[in-house]
Each structure stands twice: as structure tokens, then as C-alpha cells.
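Chain residues, written in single-letter form:
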Amino acid sequence: MTSQNESRVRDICREHGSVPVRLLDIARAVQSEFRGISQQSIDTIADEIRVPRVTVEACVSFYSFLSVERKGDITIRLCDDVPDRLAGYATVRDAFVEALGIPLGGTTPDGRFTLERTACIGLSDQAPAALVNEVPVPDLSSDRAREIVAALKRHGDPRQLVRKLGDGNNAHSRIQSMVHNNLQYPGEILFSPYHRGEAIRKAVAMSPAEVIRAVKTARLRGRGGAGFPTGMKWEFAREVEADRKFVICNADEGEPGTFKDRVLLTERPERVFAGMTIAAYALGASEGVLYLRGEYAYLLPFLEQRLERRRDEGLLGESIAGKQGFDFDIRIQMGAGAYVCGEETALINSLEGNRGDPRDRPPFPASKGFQASPTVVNNVETLCCVTRILEAGPATFCEFGTPQSAGTKLLSVSGDCRLPGIYEVPFGISLREVLELAGGEMAAAVQVGGPSGKLVGPADFDRRICFDDLATGGAIVVFGPERDLLSIVAAYTEFFIEEGCGHCTPCRAGMPAMLDLLARVRDGRGEPVDLDRLRELGDTIRRTSRCGLGQTAPNPILSSLEGLAPEYESRTGDAAAGLTRRFDLDAALVPAQAVPGRAPSHL
Amino acid sequence: MSESFTFYIDGVPVEAQPGMTILEAAQGAGIWIPRLCWHEDLEPFGGCRVCTVKANGRPCSACTQPAEPDSVVENDTPQLREWRRALVELLFAEGNHFCMICEKSGNCELQALAYRLGIAAPRFEHHWKPREVDASHPDVLIDRNRCILCARCVRASRDLDGKTVFGFTGRGPDRRVAVSSAARLADTDLEVTDAAMDVCPVGALVRKREGFSVPIGSRRFDDAPIGSDIEASGAAEPARQEE
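So the protein sequences, as listed, match chains Z and E.
Position 561 of the first sequence, counting from 1, maps to 561 under the numbering used here, and the rest follow consecutively.
Just remember that the numbering used here sits 1000 ahead of the position in the second sequence, which is counted from 1.
Worth flagging that the hints you see were computed from the coordinates, not collected in a lab.
Please note: incorrect hints may appear among the correct ones.
According to the in silico footprint, chain E covers these stretches of chain Z (three or more CB under 8 angstroms from chain E) [to be verified]:
1) 48-57
2) 501-508
3) 512-524
4) 542-549
Glycine included, each C-beta is placed from N, C-alpha and C at the ideal position.
From just these sequences and the hints, can you work out the full model?
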């Protein structure tokens, strides 16, 4: 690294106050400017923000969007999530590989292009899709891939790839993106008309305790998937005595097949920010952070503008909505490509500039979270619900849904259906009804709640979407009868292996062992007893893992073993037949015979 | 001192102080909960999960979970023994462990735990992924083939030595112990006298030129299984209570 670069890296650190808590921002900025964070840059950053060198390397090596090696000026990240594979990912990939003349994972010798694969980027309903630097490019085909490479070789500017703008705010001057909302079924709560400031004015007319009571009366439960009662979470944080408290919006939507938060952030960002502000009022917080996944960086200028407008209108800043003493502001923290950061304690670690390894609980964030202060982390959709509850009242909110699951749920539907996109449905709707709405009646299986949820077959289609039955963070991926379900299960299992943090044994070492066993079954080498082994090991991983990722990582295999057992049994033979695995002694000896240079011999 | 309280491990009443973890309280009562990443001088890490118990029916790591008054903890049950066996087998399958030629054999907590849990051979496929060895330091060797990612060296160097020589890089199965220099252990300020040198449960972080200075047969776990020292300390416990 030249000394010029070193001084620039130091400047970047200083622009972020040279404090360890901004390490992720610093690393993102260095990556973006130099296309990589060299060993020398790691030294420089460590020196400048005064942390041990290994702390910087630990962070850089954790996030998919950061790298030590220099990436191309233009990095094309092809999404290889399951919906993309169903929609022709392989031919698009091959077209990129051919047009660029580099393999997947490679960088062109002139340093202009890098081609990579990436996990779900939140565009499952317009797959196959890719990110070209920060520009989302949906609806890819092999022709389009060749066209993109030719254009980029010509002008080198990913933003010039944007042709026809998407619908709604995707066409806004601050977004200018080809992404579509595909809002197929807007409901009465999240997508109802909105008047800026209404909810906040109603909130500040009440006492904080009354606001929490309203949220409790509405029986609001967290929309990220776990379903924890929001009012209770707030109350815990409210009751803790502390100088500083934080409200964090979890916009790290990473569950494969989920893209609902992208649409809320595009079309209803005001409801998200209002929800955060109401939460801040309820628990007495003065600082808020929206943690936005790195894949949604293209929304940042728009969201910043909306925050600025709220400040101008007195809806953020000091004495919000005229309420003396109610001061609160929001900043946006960008993620850098790590699914596990959607777990709230991992998100907090990431916010502090660390690796996104989850923390031990207890202590829970409500008592000891961001910078050891009481912290509430709520999902984007949950916060939109809060705003609506304040606008329309708990009773209106509870007109939808079931007693245990009040309100509506936003579903991201993709895969083998005619109308992929966003559906706001009342809780309690059956999966079959959802499939009918989306034109996916022919489904042979549906992944409900993404890979951390359940893969269910037709026998379960009359089950209901709600917390007590088929709980979901919102992803619904539909698979037609022609799909090889076990290859889908394998893809989801690989996803968890790649995205686990590696802290605990069961997830780190157990999931690869699950994949080994699954591969045996898929190859036709499996015995019936392998299915029992999968169940036992899966149960061990589920029960002994440290965080929600590990506790749900075996779900694709375990839920399909439960609901779609014939898929497995047809490949392992009939247990009653007492089949045993074949063992080819001659083949097994080949590697050992090769060591001393012997020709394969037969025993 | 705050009021002590009682909770139950496999039906045995155990005294605890507020703030104690289940593992610490058990230890004081002479009850051994199998563990690997826990070390008495270090902050709990909750990584190996071998100390998984059920507290009021919910699985949790005993090294991180606070003991609670009147709670009912299961420790030595067939299900928990089975989970622990699986976890230890996974560690063997994940790394490259050759006890017969390892300097740590007989002093190794992983090996001793495998014996105590009755593991003859892991049921999972070995991955045999080659891992880096770093012999650059004049007095210390890192053999990552034997590393179980327990973070003891990481924590000891950071919290006891105040150096942070070690840290974790990568994620998932690619997680590894890295050293705080661009390439080699020799370029860090690790000294052979550091507390970090005394905590490795396996043979991943060893002193050079000391190999087999204690003969096989005279090593820590050669005569008594792992955990028996803790259990032996508990034999005196009921007597004290009777006074």
C-alpha cells in the first residue's frame, strides 16, 4: 500500500471519529474505496482506532461484503437462493462466466470485474437477480447477463444499467431502481393510507405507560418470526433505570425468500420511523438506529431524506411533536452481508463494530444491549404495526387475525406461483388460501417461514398462518411437483452452514454432518438408519445450539423428514427389507494403493 | 453478601449465591457437569455446549446460565449424556485428532471427556481438512489441527495477559484462531510465560522442547477420569452440612 493510501485510510477512520464502535462503517468505506481491505489497511485501521490488529481482522473476515483480497471495481453478486435456482440461475451464471471470462468467485486480470454468488438479496419475486455493486438488477436472463457485461465494459457505471424504473417509490429520485414492489394484496393495516405525524401526536398526548398499554391491548407480537409480545419487551426496557436507552429497528431482513421489509421501507418508511419514535417515547430512549442490511444500500439516500424531512417537521430531534423533554433521533447503520446479524444480539454486536456473533442470553438486550444499555430491537413490520395501533386504536388492529395472533401478516411469496410478491393477509388464513391468492395451487411443497421455518407438503396446506400453528417471519416459497425437494433441502442446509458464526459446536460442526448424511441419502447410498441419525443429530443441534440460527438450522431437514418422509424413504429403501450399505473394498483401497504408486489390484 | 438460595440438580439440593452460574454452583457442591470451553479463571464462553443441562425443562449451557432459586436442573440423564456424546464426537470429526502421536495425550480434556463419555469412535464422517500449523515462534507452537475453538487462549490473552494475541476470524466451519499479526505468531508479543499458554484443553497451543517430559502413564487423566476430582471434593460436602 502506498503511503497515500495509508493516509486516506487514516482519513476514513477519522471521518468516523476513529472509534472502535464505528469499525464496520470504516471497513465498509475502505472496502468501497479500495475494493478490499489489505493487510496493511488492517494494520492502519487497528493503529488508528487503537484496537488489537486481530480485532479488525476478525470483523473484516466475518462479513461477506468485506474482503482482504482486492475485488474488481465492479462486483457482480449473483443471488443463488432457491427461487433464483428455480428461475434459471444456472444459465444466467454461465452467461456471466462466459461473458466475463472468469469463474464464479474470480476477478478479471485487469481488476475491473469480480463475479460472486451470494445468498438471498431480497428479490425472490423477481428472480434471478443480482447486485452490481449496490445496484439491484432483477429479472435476469442469459441475454440480459451478456448485455449487462457489454454495457459495463463500455461505460463502467452500474447505475447506468437501470432502464425501466420500478413501481411506486422505486422510481423516486432518491432510489431510481428497477426493483418492483409486486404488492399483490395490500391489507388494511400496514398499507392503509398514512398521515405523517398522526400516530406520534396521539402517542405524546398519552403517558408512556398508556402507550405500552395500547400496544399490549392490541396483543402485538414481534413480526420477525419469534413472536415475542412487543409491549412486554418495551416494559422490560422501560423498567430498567439507565442514563441511555436505545431503540433499534432490525432491517437486516435476511431469511431466504423474505422481501417484505424491503417493500415497507420503500413504501411506508414513515410508519417505520414513527414506530421507532413511539417506542422511544414509551421506554424513554433518546437514540435510535435502523440497522439496514448491506443488500438494501440502494435505499439509503431515500431513507436519509425521509429522516431529514422528519427532522424538519419536528417529528425527530428535540421536543418531538411539541412534547417538551421528548428528544429522539435516528441514524442508519449499514450491515455488510451476514444473515446471523438478524439475530438481535448479533445485530447489537455488529452495531458496536464487532463480528456479528450472537451473545449469551441472559442478559437480554432489554436490560443490557447496545453499549450495555437497555435496548429494544424490533422488526420493521412490528414497528409499522405500532404506528397503525396508535393511529387507529388497538380495537381496529384486533379486528384482524386470531385471539393469539392479532392483526395482519405480510407475506413474501415466491417460487412456483403465478403472482409472486407481497400479500398482507389476516393472521389465521390457511396456507391453501394463500396459495390460491398467489396462483400456487399446484404446489407439491411450501417452505413456510424460510429455511428456519417449515417445509410442508399438501397434507399441511389447511394449516393456518399464525403464531400457534404455522409461524412465519413472512417467507412463503412455493415448489411445484416437478421439483427435486431434497436438492432444495440441501441448498437451505448449505445456507445455514455458510451463515453460521461458528461460535458453538452443534451448529458449526453438526450442520456439515447433517449435510453429509443428507448427501448419502440423495446419492442413493443411504440406509433407513441414516434417517434416524438425521433426526437424532438434528434434534441435538436444535436443542444445544446457542442462538436462534443454530436452533433452527436443522429445520429444512427435520420438517421435511416429518411432512415429506416419502421423499427420503424412496431413496433409502424399505427398512423392513433390512438393506445394508454397499461397500466396495477395491474402490476403497485405490487411494491407499496410489500412495506407494501401486496399480489398483483386486482382492 | 447477599442471601444464598437452594436449587436442585438431579434432585440434589445445591446452595448458590445470586449471580452464580449453574456450573459454578454445581462445582461447589461436588457435582461435575461435563465441559470443555469453561475455565475457572476465564469469563464463560458458552461455545462447546458440552455443559448443556436442562433448567426447568429448557436446554441451556450451565456455564452461562445463572442458577435460580428453586429451579430444577437435569444434568446426568440419558438424553443429556447422548447430546454431549454427539457434541464431543462432532469435535473429533471436525478436527484432525491423532491421540496416539499427540503430546497432549493423557493431559487432554477432549480425549479424557471422550473416554469418560464412552466414545469408542465418532459416528460422523471425518472431514480431514488440513489446518495450519504455526511454528514461527521460538518457544510456542500452534497446531490448529487439534484446535476445538474453545476460545480459552483468546480469553486468557485478552483478559489475563492484557495482550489480545489471539482472536477468531472467518465464520461457520471456516472459523479459526488467528493471531494478532499479518502472518505469524512470531510477530506477536506472546511470551511463553503468558497465562494464555496454560489454558489450552487440547494440544493446539503447546510449548516447544517440552514434549513428553511427563511420561505417558503419569499424566493427569491416566489414573482418574476427568471430573473425578470435582466429584471427590463433593464427598466431603454432606459431612459439612451435618455440622
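Results of checking the hints against the structure:
1. 48-57: holds (count 5)
2. 501-508: holds (count 7)
3. 512-524: With 3 residues close enough to chain E, the hint holds.
4. 542-549: holds (count 4)
Of the numbered hints given earlier, the model fails none.
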